[in-house]
Amino acid sequence: MAKRSAPEVNAGSMADIAFLLLIFFLVTTTIETDSGLSRKLPPMEEQEEDVIIKEKNIFQINVNRNNELLLKTGGEEKLLNIKDLRAEAVKFLDNGGGTGEDACKRCKGNKNPKSSDNFQKAVVSLQSDRATKYDTYIAVQNEVIAAYNQLRNREFKRDFPGEDMSFVEAEKRYNDPRTSSSEKDKLKEKLEKIKLLIPQKFSEAEPKKSN
Amino acid sequence: MSKFKKKKSGDLPAISTASLPDIVFMLLFFFMVATVMRQNTLKVQNSLPAADQVEKLDKKDLVMYIYVGKPSSNYQSKYGTEARIQLNDKFADVDDIAAFIQAERASKREELVPFLTTSLKVDSDANMGIVTDIKQELRKVNALKINYTTRKGDALAGLKD
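First to last, the sequence lines map onto chains A and B. Each residue of the first sequence is one higher than the one before, counting from 1 in UniProt numbering. Each residue of the second sequence is one higher than the one before, counting from 1 in UniProt numbering.
If you are wondering where the hints come from, they were derived from the structure by calculation, not from laboratory data. Among the hints, erroneous ones may be present.
Quick list of in silico lysine-lysine cross-link-like pairs, DSSO-like style, CA-CA up to 30 Å [stated by the list, open to error]:
#1 A:Lys-195 / B:Lys-140
#2 B:Lys-43 / A:Lys-40
#3 B:Lys-56 / A:Lys-188
#4 B:Lys-145 / A:Lys-195
#5 A:Lys-83 / B:Lys-56
#6 B:Lys-59 / A:Lys-186
#7 A:Lys-184 / B:Lys-70
#8 B:Lys-145 / A:Lys-190
#9 B:Lys-145 / A:Lys-91
#10 B:Lys-43 / A:Lys-188
#11 B:Lys-59 / A:Lys-121
#12 B:Lys-145 / A:Lys-157
#13 A:Lys-190 / B:Lys-140
#14 A:Lys-83 / B:Lys-59
#15 A:Lys-172 / B:Lys-43
#16 A:Lys-186 / B:Lys-43
Label pairs and their computed distance ranges (CB to CB) [what the hints assert, rightly or not]:
#17 A:Glu-189 / B:Arg-105: 49 to 55 Å
#18 B:Phe-25 / A:Asp-164: 40 to 46 Å
#19 A:Glu-68 / B:Gly-153: 19 to 25 Å
Since the model is a prediction, treat every value here as computed from it, not as a measurement. No residue lacks a Cβ here, since even glycine has one placed at the ideal position from N, Cα and C.
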């Protein structure tokens, strides 16, 4: 028998099949949003010794059940709009009211003797009610972290002008798996220095029972 | 006699669709690679609050998820409308968290256990009370690294005051 050429397969419906699969994956895809505010909880033990902190070094934020903020610092209390929280926190942390060995050379604040001594001494304390809404709590946390980041960015730029990036950008670069390990080592040293200089001293009181 | 022949008008040549499958396949492969199948079926409402000072949470295998929120509408008749905790695929109580953390730790290699992070996916309408209870439980089992998982966005924009 003579050689017969194989009949060509019709590929016209290939596009349809591909479209079907495409639509399935389009629908099931969720681009994950896994980012957030990382925090560290205090360990359960070591609560026996009470640390004595001067009242002027505490920036106390109370959030009540109606999601209103009360700020206690420098011997005065006031109701605060959350939009002003970041500026207030920066003002408090950057105050530099210390004298003698507590003096703060880097602070650029207005050196109010009733407010915080220096970066190391300043403590931010947050107390929330059981009925406080979670989104308000996150907003407060966010603003406090933003205040710290703002100061850390400033000091990072001052200490390492050659890097041409801010603290937050440097940290992002450090956490990026594509960064080479030699660059990581260099960045780590610088990041640690800034973190030591401006530690995040953030204390959270256990919330009051609301009645 | 004209030098230029007039082109035949009418009957446009058909556009070749031969490369259409290639294009579609390209898109298909992109979505296949980018897809992450959900690990847990959500039984609670979970609209996360927004924040802009976020850090990325990579290494997905080292993250434990705790969901908190109101039960979704088809579970509300059974579980009510108060915010509940979901661990894996089940509704749970605050007391179950310790066991959940131990089980997660046991399933990981021992040298990775210190790097485990707990991701709190809490609905923005939930109250702080339940979140605080969870945090106390986590402190008891010494799972101290936590992450308040949020959307990226302006934290102040969504607040109703």
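Okay, the hints, checked on the actual structure:
no.	hint	in the structure
1	A:Lys-195 / B:Lys-140	28 Å, holds
2	B:Lys-43 / A:Lys-40	28 Å, holds
3	B:Lys-56 / A:Lys-188	17 Å, holds
4	B:Lys-145 / A:Lys-195	18 Å, holds
5	A:Lys-83 / B:Lys-56	25 Å, holds
6	B:Lys-59 / A:Lys-186	23 Å, holds
7	A:Lys-184 / B:Lys-70	43 Å, violated
8	B:Lys-145 / A:Lys-190	23 Å, holds
9	B:Lys-145 / A:Lys-91	29 Å, holds
10	B:Lys-43 / A:Lys-188	41 Å, violated
11	B:Lys-59 / A:Lys-121	35 Å, violated
12	B:Lys-145 / A:Lys-157	29 Å, holds
13	A:Lys-190 / B:Lys-140	34 Å, violated
14	A:Lys-83 / B:Lys-59	34 Å, violated
15	A:Lys-172 / B:Lys-43	34 Å, violated
16	A:Lys-186 / B:Lys-43	45 Å, violated
17	A:Glu-189 / B:Arg-105: 49 to 55 Å	32 Å, violated
18	B:Phe-25 / A:Asp-164: 40 to 46 Å	42 Å, holds
19	A:Glu-68 / B:Gly-153: 19 to 25 Å	23 Å, holds
Violated hints, in rising order: 7, 10, 11, 13, 14, 15, 16 and 17; the structure is consistent with all others.
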